[in-house]
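*Asks:* Construct the complete structure from the given sequences, taking the supplied hints into account.
These protein sequence lines map, in sequence, to chains D and H.
Mapping of the first sequence onto this note's numbering: residues 1 to 298, in sequence order.
Mapping of the second sequence onto this note's numbering: residues 1 to 44, in sequence order.
Just so you know, these hints were derived from the structure itself, not from any lab.
Possibly wrong hints are sitting among the right ones.
As the list claims (entries may be wrong) - Straight-line Cα separation of at most 30 Å, BS3-like style, residue types lysine-lysine; simulated pairs: (1) D:K160 x D:K90; (2) H:K29 x D:K83; (3) D:K80 x D:K237; (4) D:K127 x D:K114; (5) H:K30 x D:K271; (6) D:K160 x D:K245; (7) H:K36 x D:K263; (8) D:K263 x H:K30; (9) H:K2 x D:K271; (10) H:K30 x D:K2; (11) D:K127 x D:K237.
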Amino acid sequence: MKELLAMVAPPINAYYSGYLLFLILSGMGFFVGIITGLFGVGGGFLLVPLMNVLIGIPVDVAAGSTTCYIIGTSSSGVLKHWKNNNIEMKAAFYIAFGSIFGAVSGDYLQDFLKYFIAGGNDILFNKIMQSIFVLLLLVVGWSMYRKTETAGSGIPFLLKIHFGPVTTLSQSGIEGISIAGLFLIGLGGGLLPGLMGVSGGVLYLPILVVGIGLLPHLAVGTSLTIVFIASTTAVIKKGLSGSGKVSLPVAVSLLVAGTLGVKVGMALARKVHGDKLKRYFSLIAFAAAVMVFIKVLF
Amino acid sequence: MKLFSVCVLVVTPLVIGILMGPGFDMLIKKLSAVLKLFTQKGEE
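*Replies:* This is the structure:
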C-alpha cells in the first residue's frame, strides 16, 4: 500500500500546502476547464507554467499531473461532443495514432538534441525548447487571427498534399485528405511533450481548422478526442516508467472544478460564433506565449 | 504494483470526469424531474 501511495502521490515541494493548495488548484482547474470547453485544448500549455510560477510545483510533476487531469476533462468533453456528432472520428484516429509514435520517440529525440544543441546542458536545452514553443504559439495565434480576416479563402494545405492513400471525412464531407499527412500532424504534436514538456493539444485546433478545413465546432470535438487518447497514452507511459512524476491528489484537485469549468466553456462555445471563437483562441495563444516567455527570462 | 498504479492513475480521472460530466448532467435532470413531480402533486 505504501509503495502504491508513493507511486500515485509522491511528495511535492510547493509554496502552499493543505486546503489552501487544494483551493488554488481548484480555481486554476476551473479557469482552464472553461478554456478546454471553449477551444478543445487540454490546457497543459497554461496549467504547467501557472502551477510552476504561482505555486512552485516542479515542472516535471506539474506536466505529469496535468496530463492525468486532462484525461478527466477531455473524457467528459469527448462524450458530450460525441453525442452532438461534433467529432471527425477518422481524422482523430489517424492523428492520435501518429501522436502515440511521437510521444514514444520524443524522449529519445530529446536525449539526442540535448547533446547536439546544448552540449548536455539541461537548463540551456529547456530554455531553447521553450523559446521555440513561444515562437510556435505566436505562429499559431497569428494564423488563427489571420484566418478570421480571410475566412473562406484558399484550399486547406492538407488537401494540396497528394501522397499515399487518402480518406474522406464523413461529418464534414471533406474528400481526398492524405492519411500520411494526418499521421505526420499527430507525430509532430506527439513529439512536443517529450521535447518541450507541454501537450501538443494547443496546436491541433488551428491545424484542424487551417490545415484540414474543419469548421471550428467540429475541430474542437476532434481535437479533444486526440488530446484524450494522447494524454491517456502519456500517463500509461509515465506510470510504467515509475518516475513518480504524476501526482494524483494534484490532478484530482484540478479535475473536480475543471469538469465544471468545461461545462461552462462548452455552453459558452455554443453561443459564440465560429469566427469569434478563433479570434479568442488567438488571444489565448498570445497570452500563453507571453507567459512562457516570462518563464524563459527568469 | 506498477501496473496497478497505472490503472489508478488512468481510471481515477476517467471516473471523476464521467461522473462530474455526463453523470452530473443526468443527476440534475433526474432531480429536476423529481422536483417537478412533487410540485405537480402539491398543486393537485
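*Asks:* Confirm or reject each hint.
*Replies:* Results for each hint:
no. : hint            : verdict
1   : D:K160 x D:K90  : holds, 19 Å
2   : H:K29 x D:K83   : holds, 16 Å
3   : D:K80 x D:K237  : holds, 27 Å
4   : D:K127 x D:K114 : holds, 11 Å
5   : H:K30 x D:K271  : holds, 25 Å
6   : D:K160 x D:K245 : violated, 41 Å
7   : H:K36 x D:K263  : holds, 24 Å
8   : D:K263 x H:K30  : holds, 18 Å
9   : H:K2 x D:K271   : violated, 45 Å
10  : H:K30 x D:K2    : violated, 40 Å
11  : D:K127 x D:K237 : holds, 25 Å
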